[in-house]
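S.K.: Sequence:
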Amino acid sequence: MSSDLIVYGALFLLFVVMGGFLFAGRGAWLIAGYNTMPKKERERYDKRALCRFMGKLMFFCAACMLVMGADTLWPGRGLGLAGTIWLLIGAVGAVIYANTGGRFLKKNVRKEP
-1 MSSDLIVYGA
9 LFLLFVVMGG
19 FLFAGRGAWL
29 IAGYNTMPKK
39 ERERYDKRAL
49 CRFMGKLMFF
59 CAACMLVMGA
69 DTLWPGRGLG
79 LAGTIWLLIG
89 AVGAVIYANT
99 GGRFLKKNVR
109 KEP
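All letters in the sequence shown, in the order written, are residues -1 to 111 by our numbering.
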């Protein structure tokens, strides 16, 4: 078994476990910007919605790790590059999605047009 495959497998498992915690709404402490906010500011955010979104992002990252790991089993097919590109697109898309539109603010805090 290749050491690359072991690394990708470990990363896959890490992302799945983190995604499970976050998707269940119990992993807010894993979100760096959220857990360092003052308590008063944290109360403005919908913790469950934020955790579920981040959990889905972790599951997406896990899928990308599987694709990158598959490149060690079937080299020369571009799977490593494809997984890396998907991971970058997902990360950039998640940052844009999370920081626009006040999606994770509680309803009573949102500014309605």
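Just so you know, not all the hints are guaranteed correct.
[Unchecked claim] Each computed DSS-like pair below joins lysine-lysine, with the alpha-carbon atoms no more than 30 Å apart: (1) K105 with K45; (2) K105 with K37; (3) K54 with K104; (4) K105 with K38; (5) K37 with K104.
Just so you know, these hints were derived from the structure itself, not from any lab.
All figures in this text were calculated on a predicted structure; none of them were measured in a lab.
S.K.: State for each hint whether it applies.
M.R.: Hints, one by one, checked against the model:
1. K105 with K45: 12 Å, holds
2. K105 with K37: 18 Å, holds
3. K54 with K104: 20 Å, holds
4. K105 with K38: Distance of about 16 Å is within 30 Å: holds.
5. K37 with K104: Between K37 and K104 the Cα gap is close to 14 Å, so the pair holds against 30 Å.
Violated hints are absent here; each numbered hint is respected by the structure.
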